[in-house]
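Engineer: Sequence:
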Amino acid sequence: MKKVLIADDEPNILILMEQTLEQLEDDYDVILLTASNGVQALDIIQTEQPDLVFLDVMMPQMSGLEVCKTVKQILGMSNTYIILLTARGQEFDRQNGLAVGADLFVTKPFRPREILSKSQEVLGLA
1 MKKVLIADDE
11 PNILILMEQT
21 LEQLEDDYDV
31 ILLTASNGVQ
41 ALDIIQTEQP
51 DLVFLDVMMP
61 QMSGLEVCKT
71 VKQILGMSNT
81 YIILLTARGQ
91 EFDRQNGLAV
101 GADLFVTKPF
111 RPREILSKSQ
121 EVLGLA
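The opening position of the sequence shown corresponds to residue 1 in UniProt numbering, with each subsequent residue numbered one higher.
No lab work stands behind these hints: they were computed from the structure. Glycine included, every Cβ here is placed at the ideal spot set by N, Cα and C. Hints are not guaranteed to be accurate.
[What the hints assert, rightly or not] With a cut-off of at most 25 angstroms between alpha-carbon atoms, the simulated SDA-like pairs for lysine to any residue come out as follows:
#1 LYS69 / ARG88
#2 LYS3 / ASP51
#3 LYS72 / ALA87
#4 LYS69 / THR80
#5 LYS72 / ASP26
[Unchecked claim] Okay, the calculated beta carbon distance ranges per label pair:
#6 SER78 / LEU125: 25 to 31 angstroms
#7 ARG111 / ASP27: 15 to 21 angstroms
#8 GLY76 / ASN12: 30 to 36 angstroms
#9 GLY76 / PRO109: 30 to 36 angstroms
#10 PRO60 / ASP26: 15 to 21 angstroms
#11 LYS108 / VAL39: 29 to 35 angstroms
#12 LEU32 / ASN79: 14 to 20 angstroms
#13 ALA126 / ILE31: 28 to 34 angstroms
#14 PHE92 / PRO60: 19 to 25 angstroms
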């Protein structure tokens, strides 16, 4: 069973992402998990070991960059595919995200269809 974590402190983004990815639950063996801050996201990543993580860069308690760095560089969870989501689309921000180990950097607003397609690809469902 594949697991996907959506971590974002904006309730509207969480709802949009859940609605977008619910199709995966309907069509495949996928569990959706959610977190509203970085500490909660890190805890879920450590306990549930999701295959795919969508991480908002700017979250309370612990930023998405810190979570990503901890997961990839400290815990060595290289099999966890991390997509950073941010409203900041500057090249500097993208480079920072990739430097801490993110696999992909997506700027908000995003296209739900692209999120679904990328999720299917990463999870080997496409």
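Engineer: Look at each hint and say if it fits the structure.
Structural biologist: Comparing the hints with the structure gives:
1. A distance of roughly 18 angstroms separates the Cα atoms of LYS69 and ARG88; the hinted pair therefore holds under the 25 angstroms criterion.
2. With a C-alpha separation of about 5 angstroms, the suggested pair LYS3 and ASP51 falls inside the 25 angstroms cut-off, and the hint holds.
3. Among the hinted pairs, LYS72 with ALA87 is consistent with the structure: their alpha-carbon atoms are about 22 angstroms apart, no more than 25 angstroms.
4. Pair hint LYS69 plus THR80 holds up; C-alpha atoms about 12 angstroms apart against a cutoff of 25 angstroms.
5. With a C-alpha separation of about 30 angstroms, the suggested pair LYS72 and ASP26 falls outside the 25 angstroms cut-off, and the hint is violated.
6. In this structure the hint that SER78 and LEU125 lie 25 to 31 angstroms apart at CB is violated, the actual value being about 20 angstroms.
7. Checked against the given bound of 15 to 21 angstroms, the beta carbons of ARG111 and ASP27, roughly 19 angstroms apart, stay inside it.
8. Separated by about 34 angstroms at the C-beta atoms, GLY76 and ASN12 satisfy the suggested range of 30 to 36 angstroms.
9. Restraint check, GLY76 to PRO109: a C-beta distance of roughly 33 angstroms satisfies the suggested window 30 to 36 angstroms.
10. Distance hint check for PRO60 and ASP26: the Cβ-Cβ separation is about 31 angstroms, which falls outside the suggested range of 15 to 21 angstroms.
11. For LYS108 paired with VAL39, a C-beta distance near 22 angstroms fails the hint of 29 to 35 angstroms.
12. For LEU32 and ASN79, the Cβ-Cβ distance of about 19 angstroms falls inside the hinted range of 14 to 20 angstroms, so the restraint holds.
13. A hinted range of 28 to 34 angstroms for the beta carbons of ALA126 and ILE31 is inconsistent with their spacing of about 19 angstroms.
14. At about 22 angstroms, the CB distance of PHE92 to PRO60 agrees with the hint of 19 to 25 angstroms.
Checked against the numbered hints given earlier, this structure breaks hints 5, 6, 10, 11 and 13; the rest are met.
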